[in-house]
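Chemist: If you want the building blocks of each chain, they are given just below.
2 protein chains.
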Amino acid sequence: MPLIDTDVHEGFAGIKDLVPYIKAPYKDWLAQGAWRGFSQPFAYTSPGNGNRADVQNEDGSASVSDPAMLKRDLLDEYNVTKAVLTGYFYPTGLKMQYDFASAMASAYNDMVAEKWLSSDPRFAGSIQVNARAPEAAAREIDRMAAHPQMVQVMLPIVDDIAYGHPYYRPIFAAAERNDLVVAFHHTVFAQGPYGMGLHYIERHSLIPLAIQGQVISLILNGVFDEFEKLRFIILEGGFSWLPHTLWRMDREYRQGRVEVPWIKKLPSQHAHERLKLATQPTEDMTTDQLLKVIDLIGTEDLLVFATDYPHFDFDDPDAAIPRSLPDGLRQKILWKNAADLYGFDIPDQHNRATAAE
Amino acid sequence: MPLIDTDVHEGFAGIKDLVPYIKAPYKDWLAQGAWRGFSQPFAYTSPGNGNRADVQNEDGSASVSDPAMLKRDLLDEYNVTKAVLTGYFYPTGLKMQYDFASAMASAYNDMVAEKWLSSDPRFAGSIQVNARAPEAAAREIDRMAAHPQMVQVMLPIVDDIAYGHPYYRPIFAAAERNDLVVAFHHTVFAQGPYGMGLHYIERHSLIPLAIQGQVISLILNGVFDEFEKLRFIILEGGFSWLPHTLWRMDREYRQGRVEVPWIKKLPSQHAHERLKLATQPTEDMTTDQLLKVIDLIGTEDLLVFATDYPHFDFDDPDAAIPRSLPDGLRQKILWKNAADLYGFDIPDQHNRATAAE
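So the protein sequences, as listed, match chains A and B.
So for the first sequence, the working numbering puts the first residue at 136; every next one is plus one.
So for the second sequence, the working numbering puts the first residue at 136; every next one is plus one.
Among the clues, some could well be false.
Take a look, some chain A residues computed to stay more than 12 Å from chain B by CB distance [what the hints assert, rightly or not]: (1) Arg171; (2) Asp294; (3) Ala297; (4) Arg392; (5) Glu408; (6) Asp430.
Pulled from the structure, derived: some chain B residues nowhere near chain A, Cβ distances all over 10 Å [as the list claims (entries may be wrong)]: (7) Lys158; (8) Gln167; (9) Ala169; (10) Tyr223; (11) Lys230; (12) Gln232; (13) Gly332; (14) Leu355; (15) His379; (16) Arg383; (17) Arg386; (18) Val428.
If you anchor each label on the Cβ, the simulated ranges turn out as follows [unchecked claim]: (19) Thr421/B to Trp170/A: 31 to 39 Å; (20) Arg458/A to Asp423/B: 22 to 30 Å; (21) Asp189/B to Phe173/A: 48 to 56 Å; (22) Gly330/A to Ser254/B: 51 to 59 Å; (23) Pro301/B to Ser459/A: 16 to 24 Å; (24) Asn214/B to Ala454/A: 44 to 52 Å; (25) Pro482/B to Gly330/A: 46 to 54 Å; (26) Gln191/B to Arg392/A: 48 to 56 Å; (27) Thr421/B to Asp451/A: 49 to 57 Å.
If you're looking for bench data, these hints aren't it; they were derived computationally from the structure.
Glycine included, C-beta positions come from ideal geometry on N, C-alpha and C.
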């Protein structure tokens with residue numbers, strides 16, 4: 136069976152890897168060490184500094200900077216047909232020096248294109264932007280969309296941006312005119328309603344709230360209505376919260392739609408038609424519970440598989456999407472829904488076998 | 136069948152109603168008009184200024200200040216056996232002038248005791264506090280707990296307080312030593328991860344996130360472990376998000392419990408044993424969907440019915456808890472679970488009928 140992994144975190148060994156790609160005057164900034172990194176305010180986070188214990192980079196860095204290693208340990212090991220690279224370097228995290236942040240996004244995109252996408256046709260890419268400068272982000276999307284392996288725009292989830300705000304419309308317009316998906320992924324800055332929480336497992340439990348807040352913001356502020364062709368994917372936020380979020384928005388919409396007359400469909404209908412959710416991290420559900428959740432979501436077409444490689448809470452496809460699921464549903468989650476979202480041309484192996492007979 | 140309504144919003148006609156109860160020097164403050172009210176930053180909120188269209192106070196105020204009217208329109212109309220008064224005047228909303236806020240809580244409690252609780256034995260009361268002054272709140276709890284109809288401490292959900300923080304421990308200690316339930320209810324200040332949202336239906340959709348954040352804060356910061364006898368109830372936040380929240384916390388706990396060695400049970404076990412959730416607002420679910428959600432919660436003992444009278448999104452018991460549910464489950468939601476939580480002595484009407492034969 137084909138397998139599409141929608142959330143694979145490529146990286147770099149150090150910020151020096153971006154020096155060849157960044158424009159003046161920032162090449163000098165980086166060369167002079169003008170980068171303090173993004174950090175989390177917890178003394179302790181998770182085992183292995185966030186990575187799987189078996190992910191050991193030769194240079195000692197925490198991210199996976201070697202495409203050959205990632206191909207061997209993920210693509211070949213798990214027979215991945217397509218891997219969508221999502222990064223974990225999100226310049227939107229920089230609240231100051233927005234032109235520098237936009238330049239860092241461009242440098243990162245050029246690095247990914249040259250070092251990663253060219254190395255294997257199984258890789259698809261995400262265009263990184265600095266969302267705090269929306270017009271510059273739109274120009275970057277237009278620039279990178281020409282690359283045939285770039286399939287989406289990555290909007291990182293930070294503490295102070297709800298993407299339904301009219302500020303960010305130029306980014307969605309650029310994604311739509313370039314026929315790109317819009318993906319959302321949390322960052323080390325994502326937080327819940329009362330900040331980041333006081334322990335790391337609290338902070339990590341709050342991530343789905345940061346994501347639900349984005350879905351609510353996007354749909355109830357009309358992004359789905361204004362950009363009718365655009366499709367969206369939520370990464371690394373799980374999915375078992377979706378029935379509640381859709382029911383709640385539907386109830387609010389039925390009661391209060393006089394406030395938002397530009398929203399033309401029930402929120403759940405918008406989501407059913409144009410939202411996907413990557414399954415990782417799947418919680419510890421039985422097959423029966425998983426089937427109930429999917430039934431409550433109301434369609435089998437929303438979930439797409441992801442491993443979150445190389446992070447510590449990696450989902451193995453067999454553990455997360457059990458073989459006891461009906462085969463048709465399992466195929467949808469493991470590859471068909473993602474192939475539909477991204478337009479990947481993946482022959483069904485069963486059909487290929489039949490044709491060969 | 137008995138019926139317990141766990142969320143009934145009594146109020147007052149105007150702040151002048153508190154003048155007889157408040158201590159010096161604040162009696163003069165109030166008499167001089169030193170009260171600006173709590174307001175929401177939306178031009179438009181909901182039909183009827185937040186109330187059911189049929190709730191018409193003779194004095195024109197938005198809250199229900201007349202116990203006789205509430206008894207007629209809610210208790211008698213719906214055959215309510217017990218109504219837990221929860222207020223909607225939460226002095227914790229005042230970020231400044233904390234001694235005044237604590238005095239307002241005391242004045243409100245005395246008003247409720249004199250005007251409401253004494254008027255009908257069907258009323259149970261909530262002790263209001265200013266949570267921003269935890270030691271003063273604890274003293275207020277000790278003072279009011281002597282009233283036999285006071286059954287719980289009300290902790291309001293505002294924008295900047297996560298009750299798992301060690302600041303608030305004196306409040307939980309006072310509730311526990313007085314054998315009171317701790318109730319949580321949102322206020323006009325509740326917000327999601329990115330503030331209040333840009334439209335009222337967005338803000339109203341974000342309320343369950345503010346509540347989930349509290350459940351996560353309480354359990355993962357050890358409040359359930361430190362106060363082993365304490366029981367908790369969530370009001371007006373719905374419940375269909377609970378399966379996700381419990382699964383997520385359990386997954387995080389299994390991965391990361393080395394960070395929080397004082398948590399001795401799976402988060403879901405803590406919730407199953409000591410958390411209740413009022414059903415209002417129930418979303419538009421079919422009976423089958425409602426049964427699936429309860430199955431995913433993992434126990435029938437957590438849900439308790441509430442109308443949210445007099446608010447516009449009032450839940451009628453028959454509409455919210457359909458007669459097509461199994462009778463035993465319906466009895467648990469409509470009264471048995473709440474009777475267990477609050478220790479109400481309510482004879483089962485079936486047993487009474489049998490005994491009378």
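Chemist: All hints, please: hold or fail.
Modeler: Hints versus structure:
no.: 1; hint: Arg171; in the structure: holds (25 Å)
no.: 2; hint: Asp294; in the structure: violated (8 Å)
no.: 3; hint: Ala297; in the structure: violated (4 Å)
no.: 4; hint: Arg392; in the structure: violated (8 Å)
no.: 5; hint: Glu408; in the structure: holds (19 Å)
no.: 6; hint: Asp430; in the structure: violated (7 Å)
no.: 7; hint: Lys158; in the structure: holds (32 Å)
no.: 8; hint: Gln167; in the structure: holds (35 Å)
no.: 9; hint: Ala169; in the structure: holds (29 Å)
no.: 10; hint: Tyr223; in the structure: holds (19 Å)
no.: 11; hint: Lys230; in the structure: holds (14 Å)
no.: 12; hint: Gln232; in the structure: holds (22 Å)
no.: 13; hint: Gly332; in the structure: violated (7 Å)
no.: 14; hint: Leu355; in the structure: violated (4 Å)
no.: 15; hint: His379; in the structure: violated (4 Å)
no.: 16; hint: Arg383; in the structure: violated (5 Å)
no.: 17; hint: Arg386; in the structure: violated (5 Å)
no.: 18; hint: Val428; in the structure: violated (7 Å)
no.: 19; hint: Thr421/B to Trp170/A: 31 to 39 Å; in the structure: violated (54 Å)
no.: 20; hint: Arg458/A to Asp423/B: 22 to 30 Å; in the structure: holds (27 Å)
no.: 21; hint: Asp189/B to Phe173/A: 48 to 56 Å; in the structure: holds (54 Å)
no.: 22; hint: Gly330/A to Ser254/B: 51 to 59 Å; in the structure: violated (42 Å)
no.: 23; hint: Pro301/B to Ser459/A: 16 to 24 Å; in the structure: violated (44 Å)
no.: 24; hint: Asn214/B to Ala454/A: 44 to 52 Å; in the structure: holds (51 Å)
no.: 25; hint: Pro482/B to Gly330/A: 46 to 54 Å; in the structure: holds (47 Å)
no.: 26; hint: Gln191/B to Arg392/A: 48 to 56 Å; in the structure: violated (25 Å)
no.: 27; hint: Thr421/B to Asp451/A: 49 to 57 Å; in the structure: violated (35 Å)
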